[in-house]
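Participant: Sequence:
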Amino acid sequence: MTNTTTALEPLVARLAEAAPGLRVETGPGATGFYAYDASNYRVPPRAVVFPRSAADVVAVLRACRETGIPVTARGGGTSMAGNAVGPGVVLDFSRYMNRILDIDPVARTARVEAGVILDALRSAAALHGLTFGPDPSSHSRCTLGGMIGNDACGNRSVRHGRTSRHIEALEIVTADGVRAVADRTGLRAADPDDTDAVQRVAGLESDVRRLIDGHLASIRTELGRVPRQVSGYQLHHLLPEHGFDMARALVGTEGSCAVVTAATVRLVATAQASTLLTLGYDDVVDAAEDVPEILRWNPTAVEGMDEAIVATMRARRGPDSVTGLPEGRAWLYVELDGDDQAAVDARAAELLDVLRAQGRMTGGRVAHSPAERRSLWRVREDGAGLAARLVDGSESWPGWEDAAVAPGNLAAYLRDFRKLLAAHSLTGVLYGHFGAGCVHVRIDFDLATDTGRAATRRFLSEAAALVVAHGGSLSGEHGDGRARGELLEVMYSHRMIRTFAAFKEIFDPEGLLNPGVIVAPSRLDADLALHTPSEVLPVDTLFSFPHDEDGFAGAARRCVGVGRCRSDAGGVMCPSYRATGEENDSTRGRARLLQEMVRGGTVRDGWRSTEVRDALDLCLSCKACSSDCPVGVDMATYKAEFLHQHYKGRVRPRSHYSLGWLPLTSRLAGYAARPVNALLRGPLGKLLARLGGVTTRRRIPAFASRQALRKALLMARTGEPAKTLLFVDSFTRAFRPEVAGAASRVLADAGMPCTVEDDLCCGLTWVSTGQLSRARRIMARTVDRLDNGDDRPIVVAEPSCAAALKRDVPELLGTDAARRVAARVHTLTGALTDLAAPGWVPPELPDTVVLQTHCHEYATFKGRHPRDLLGRLGVRKVDEAEGCCGLAGNFGFEEQHYDTSMAVADIALRPCLDDIAPRTPAVVVADGFSCATQIDHLAGDRGIRALHLAELLDPAADRPGQPGENS
17 MTNTTTALEP LVARLAEAAP GLRVETGPGA TGFYAYDASN YRVPPRAVVF
67 PRSAADVVAV LRACRETGIP VTARGGGTSM AGNAVGPGVV LDFSRYMNRI
117 LDIDPVARTA RVEAGVILDA LRSAAALHGL TFGPDPSSHS RCTLGGMIGN
167 DACGNRSVRH GRTSRHIEAL EIVTADGVRA VADRTGLRAA DPDDTDAVQR
217 VAGLESDVRR LIDGHLASIR TELGRVPRQV SGYQLHHLLP EHGFDMARAL
267 VGTEGSCAVV TAATVRLVAT AQASTLLTLG YDDVVDAAED VPEILRWNPT
317 AVEGMDEAIV ATMRARRGPD SVTGLPEGRA WLYVELDGDD QAAVDARAAE
367 LLDVLRAQGR MTGGRVAHSP AERRSLWRVR EDGAGLAARL VDGSESWPGW
417 EDAAVAPGNL AAYLRDFRKL LAAHSLTGVL YGHFGAGCVH VRIDFDLATD
467 TGRAATRRFL SEAAALVVAH GGSLSGEHGD GRARGELLEV MYSHRMIRTF
517 AAFKEIFDPE GLLNPGVIVA PSRLDADLAL HTPSEVLPVD TLFSFPHDED
567 GFAGAARRCV GVGRCRSDAG GVMCPSYRAT GEENDSTRGR ARLLQEMVRG
617 GTVRDGWRST EVRDALDLCL SCKACSSDCP VGVDMATYKA EFLHQHYKGR
667 VRPRSHYSLG WLPLTSRLAG YAARPVNALL RGPLGKLLAR LGGVTTRRRI
717 PAFASRQALR KALLMARTGE PAKTLLFVDS FTRAFRPEVA GAASRVLADA
767 GMPCTVEDDL CCGLTWVSTG QLSRARRIMA RTVDRLDNGD DRPIVVAEPS
817 CAAALKRDVP ELLGTDAARR VAARVHTLTG ALTDLAAPGW VPPELPDTVV
867 LQTHCHEYAT FKGRHPRDLL GRLGVRKVDE AEGCCGLAGN FGFEEQHYDT
917 SMAVADIALR PCLDDIAPRT PAVVVADGFS CATQIDHLAG DRGIRALHLA
967 ELLDPAADRP GQPGENS
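Numbering (my numbering), first residue to last: 17 to 983.
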């Protein structure tokens, strides 16, 4: 038994007694990913606790005080300064304490628990025409508690300022487990009838008042000098002229003085009209020079970024993912608002004229459409992730990502800062809240070697001196954390540093709350995640990971913790997290555990780790993360590699055989389809399903006969010279040969007559079950047949098989031949988008289509989505189920995954299908066999059947959507 385990026993026993039912996790599979946030640091906790109430928090703090174990409060875990990691107990508020307790639209306030996601509050407030002003780029997953901890700001801080400006009261628990309320006039016990608490809280307030009275001069001269001065403690809110505002003073203390359990926040009215301008510049300094003029126009936002972020976005998500930017190598977003759209538009036009006259802007335009604005804002909001792993594969890191100066000093500061980078031979990717003078920058520090870490320390010391010389702050919204706490002595006098320490000691005399942060800070180069042990896991893999210099280790290291995978809306990633709400079911959680596995940290069994296996278990291998994740994590590939290594030479789960080998068994079934289908529909079929690890709660799809495929293809022959090759994949061949016939006719109709290849396999099912050696043999045979000097486009009707040929085949085989084949691969959507004859007009289409896009198509074939094609072909309205269908190949057929599969379907697909009114003509399109099967499972009893795009466009088909369809 380890010392850590022994030390935890009294704590766990004490919690079980004081808070029965409290969820406490201590194993490596539950704590490994909590060793990280979005910073450079790795601090493994001893335990993670998931409180459900303030009473639970009281129990934890009292127990930790008795056992001498530190406590770190955590929200979304997106801190870039190391504020959300700690060596003792981590309190995860996001899992259960995420309720909006009250919204008062008249008073314009809301009372929320600490774990409420910002977007959840904004959605609820929007029903009353209100919102919460501060809006960090992480708004889809950051919590109010985390925003309070950092004093977060966001894109519209020019208008709304910092979180502290919007706090009316904080409900807190002190280090010794006393509940209190900090408000605009002081501190009081939460329960006025609790005599001991009243006395304890009164003593705290008295001690704080004495401290402030003894340091009035230094507080007035050193604090609150610039709008984004977040570094240190904000003790100026306690000055007599500010009314002893204890609520605001505790904002930004990063959980080092008290634990916030709930807050009453102030809401603001939503603008009636707004417009977004995009302004181009030659560089960020020129952009910063125009900021003072722009601020005269009372904008809500003035955001800046450089060209590296835009280039990475376009490389990762396609050239059409960023539209609406004028020429330039750096850009500003300027948002104006008002009560009347015409007046706002007129102001925007006038501002553009003024800026053109200034002579620095290379171009400027107004983003008119909501879709274009969303696209532009996403580029800016994903800045931290996009800058972390650039298009050339280079890596960059936070550490000096949050400095702030007065906006009028921004250009001068940036000019000197770029000189400092050059002097240290460093490169920085710049973006941030230029209108507030706050600059985010990720820098290509070498944090993996002793020499690099020493150089980083020298740079950070000089950078701190530089920003102070410009009258600025080390931190503008991310807090000091472990990254900058040590540097506070550069910014503040010794007297102020001692005042900070005295303030913390009043609240936390034993130093148990988030130690190593702000007061008695850890060294900024201690506990770095890249400071790896000398002996790490050997990572000889079958996948080549061509975009990652360190192979699998570098691929897993792509995750830097920004946490977009924890969003519950927007994009497709991550369906398992959206279904369960558990960190270990997020892309980030899995990547962090893989990092632990590689370094041999909390996970010590390497490829044989059951903790990693369990964390990967609910990954649907949807590949959405490879597109939606700003740094391009591809968990489906990592899972396939892990399963290959984990089960090498061992017996596998039954479904790996029954479903992984489906291309072979389905081929055999095709020779006797009728008796096989009859057998599977009977009692023996259920027995066989159970033996194969397949759920009996789904119908096994009927196998098609070989004759059916031949007939479908025979009927599609046109006799024209072939311009394309139709690759008939295993799913189409085995279950829906009519799609192959329809695809052949559509290609001919669109000026791309095809020849057919129906005897090859992409290897997908072996990849998804981690049988990579077998997959490579299958793929090698396929590539050998296809790479025969023919350069005709290869069109694949099944999106998942197209994605396997496009991406998995070259990354597993690593040959020029594989890359040549991959370059020729198109989905049917892609072929019709890029290769159709000019002037091709499809048959008459319905006005409305319900669409389920296959996740692999969404992720792999960027800018070639069925939604866009349908719109161009004349469908007026496309109702898309924006998310994974939940079946995901073998996943939803596996017995142990059925419930999760259905929970994922409930997120987007089922609501779309439920919106189809009974006996109403409706056309549902789903190219993926999995998607179509899930739709049949959900709505087949209502007569709803999904069509493949080929069937919808088939010139020989009866037109769908006529009365009686789906009725």
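What the hints contain is simulated information worked out from the structure, not anything from laboratory work. Here the structure is a predicted model, which is why all the values come from computation and not from measurement. Hints should not be assumed to be uniformly reliable.
[To be verified] No farther apart than 27 Å at their CA atoms in a straight line, the calculated lysine-lysine pairs in the DSSO-like style are these:
1) Lys727 x Lys739
2) Lys893 x Lys878
3) Lys739 x Lys893
Participant: Now look at each hint and say whether the structure bears it out.
Facilitator: Taking the hints in turn, this is what the structure says about them:
Of the pairs offered as hints, the one joining Lys727 and Lys739 holds, with about 22 Å between alpha carbons and a cut-off of 27 Å not exceeded. For the proposed pair Lys893 and Lys878, the alpha carbon gap of about 21 Å is at most 27 Å, so the pair holds. The hinted pair formed by Lys739 and Lys893 fails the criterion: a straight-line CA distance of about 32 Å is larger than 27 Å.
Figure legend: structure checked against the earlier numbered hints; the only hint not met is number 3.
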